[in-house]
Amino acid sequence: MPNMDTGNSDVSRAEQLKNLANEAFKAHKYAQAIDLYTQAIELNEHNAVYWANRSFAHTKLEEYGSAIQDASKAIEVDPKYSKGYYRRGAAYLAMGKFKEALKDFQQVKKLCPNDPDAAKKLKECEKAVKKIRFEDAIAVPESKRHSVADSIDYRAIGLSPSSSSVPTQAAIVAVTAAFVAVMVMVGTTVATMLAGVVVTVLMVLGAFWWGGCNDSGVLSKSRKLELEVEPQYSGARIEGDVITLDFVKKMMDDFKNQKCIHKRYAYEIVLQMREMLKALPSLVDIKISDNNHFTVCGDVHGQFYDLLNIFELNGLPSEENPYLFNGDFVDRGSFSLEVILTLFAFKCMAPSAIYLARGNHESKSMNKIYGFEGEVRSKLSETFVELFAEVFCCLPLAHVLNGKVFVVHGGLFSVDGVKLSDIKAIDRFCEPPEEGLMCEILWSDPQPIPGRGPSKRGVGLSFGGDVTKRFLQDNNLDLVVRSHEVKDEGYEIEHDGKLITVFSAPNYCDQMGNKGAFIRFEAPDMKPNIVTFSAVPHPDVKPMAYANNFLRMFS
Numbered sequence: 117m118p119n120m121d122t123g124n125s126d127v128s129r130a131e132q133l134k135n136l137a138n139e140a141f142k143a144h145k146y147a148q149a150i151d152l153y154t155q156a157i158e159l160n161e162h163n164a165v166y167w168a169n170r171s172f173a174h175t176k177l178e179e180y181g182s183a184i185q186d187a188s189k190a191i192e193v194d195p196k197y198s199k200g201y202y203r204r205g206a207a208y209l210a211m212g213k214f215k216e217a218l219k220d221f222q223q224v225k226k227l228c229p230n231d232p233d234a235a236k237k238l239k240e241c242e243k244a245v246k247k248i249r250f251e252d253a254i255a256v257p258e259s260k261r262h263s264v265a266d267s268i269d270y271r272a273i274g275l276s277p278s279s280s281s282v283p284t285q286a287a288i289v290a291v292t293a294a295f296v297a298v299m300v301m302v303g304t305t306v307a308t309m310l311a312g313v314v315v316t317v318l319m320v321l322g323a324f325w326w327g328g329c330n331d332s333g334v335l336s337k338s339r340k341l342e343l344e345v346e347p348q349y350s351g352a353r354i355e356g357d358v359i360t361l362d363f364v365k366k367m368m369d370d371f372k373n374q375k376c377i378h379k380r381y382a383y384e385i386v387l388q389m390r391e392m393l394k395a396l397p398s399l400v401d402i403k404i405s406d407n408n409h410f411t412v413c414g415d416v417h418g419q420f421y422d423l424l425n426i427f428e429l430n431g432l433p434s435e436e437n438p439y440l441f442n443g444d445f446v447d448r449g450s451f452s453l454e455v456i457l458t459l460f461a462f463k464c465m466a467p468s469a470i471y472l473a474r475g476n477h478e479s480k481s482m483n484k485i486y487g488f489e490g491e492v493r494s495k496l497s498e499t500f501v502e503l504f505a506e507v508f509c510c511l512p513l514a515h516v517l518n519g520k521v522f523v524v525h526g527g528l529f530s531v532d533g534v535k536l537s538d539i540k541a542i543d544r545f546c547e548p549p550e551e552g553l554m555c556e557i558l559w560s561d562p563q564p565i566p567g568r569g570p571s572k573r574g575v576g577l578s579f580g581g582d583v584t585k586r587f588l589q590d591n592n593l594d595l596v597v598r599s600h601e602v603k604d605e606g607y608e609i610e611h612d613g614k615l616i617t618v619f620s621a622p623n624y625c626d627q628m629g630n631k632g633a634f635i636r637f638e639a640p641d642m643k644p645n646i647v648t649f650s651a652v653p654h655p656d657v658k659p660m661a662y663a664n665n666f667l668r669m670f671s
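Quick note on the numbering used here: the sequence shown kicks off at 117 and runs consecutively.
None of these hints come from the bench; they were simulated from the model.
Keep in mind the model is a prediction, meaning the values are calculated, not measured.
This list has only true hints and no planted wrong ones.
Okay, derived cross-link-like pairs now, SDA-like style, lysine to any residue, Cα gap no bigger than 25 Å in a straight line:
#1 Lys-225 to Asp-194
#2 Lys-403 to Ala-466
#3 Lys-189 to Phe-141
#4 Lys-375 to Gln-388
#5 Lys-215 to Cys-228
#6 Lys-379 to Arg-261
#7 Lys-236 to Lys-247
#8 Lys-379 to Leu-361
#9 Lys-535 to Gly-569
#10 Lys-535 to Arg-586
#11 Lys-372 to Ala-469
#12 Lys-145 to Ser-650
#13 Lys-196 to Lys-225
#14 Lys-379 to Arg-493
#15 Lys-243 to Val-501
#16 Lys-365 to Tyr-421
Please model the entire structure based on the sequences and the hints provided.
In structure tokens form, the structure reads like this:
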């Protein structure tokens, strides 16, 4: 028979640990909070609050798979505990699983019918699901989808519409206007009038669409890019087709002062970048000559002013000072457009000065939720949203430095025996799949114990030091460098020194309090030299300012 005093003592101690965990959470020490909640759960696993609180801490660390597991356990312990459904719904939402989130928020509303906050979140989730269903219904099949990049020629800016399209528009508008006037004169019924107005509006819209389209149904170049560079424009200018260091410096200075680049030059940068990336393999080999150095940076996540600080500390990218930025350039931070255009411009200026790898946030699904799509739409246009999505699909997935250092955004694989040739053979020109080598490259994380386990993110997997060791041996490599995870010191060395995580967004999302880091390698020994740095001030634009409205409600 269990000792009642011991049971009461465990419950009391669990409450103390929960309170300590709550304090750690408030201080943004989420990993410490998770550890304390775990200790509380070990003493009293029948308290749904502990599970739900740990779920929330996992969400803060973007460990959405673990958050869903903990929230589900809270629901199992107490099916009437609304916070369990709330936490699980929020985690589903963060993964873009709106339909699953909707079910949980419906349950929250059912348990708390008079809670205005629950009603508000349910309404927003319903709107998100309706929008997805609408987008699915009107989506063009992949096989019939035209490349938006192929319909753009930045050199054609300033051309006027084709002469035949204007009279066509004018004629149709005139006819429809006359039609309405005649109906008014003959005294048609109100219902007929309304129907006529609707038809008129549709005909006018069709006329303008017709006038702006070519025979293939793609918006003509002259219509899409009727964007003369105004004489009063004082920002950075590209002369001809050559992107120079002077242009990039002027553009960065404009960005620093929160000025925009003209759309004509933004098109030129992104389209040149697309052509350059399309020619690269999925795994890029980089050769570093003896006595030369090479810098690897991790996630930047739209923190433009911290990117400028990296260049201040380590020098601008050049052929003598090359960089690799290891994915997740955009999202969360609200200066993502400035970051990506700066990195792309340096690549266009000098291809061997900077290398870029795809991260899990260089994807439509992430950009739609975490801010880049909204930011691009706000600062440039809808066309650029589609254009960036196309270009992100061209980014390489991995790099190898001097045949010894394997650099990838996420991590390793669910099976042994993967060779570098297998990675080079990946057809990467698509949105990231939910399984397979490409998915795992972008999403996986290391774990402290041997073997493999489920992903704490809900996508990819967790892999141990033995997996890392075998991969390195199979491919005659010395080191894995990856990013993808915020670290207190900006980096972490794991798996007996064979794996380094580097993260270059200090004080991530203005709340994590972490340092940033980058790694300098010098040939021929290629030993990592890690440099850490702190966050710098930025204009008063909050992270996630352009993110999905619903997601911001949970930020």
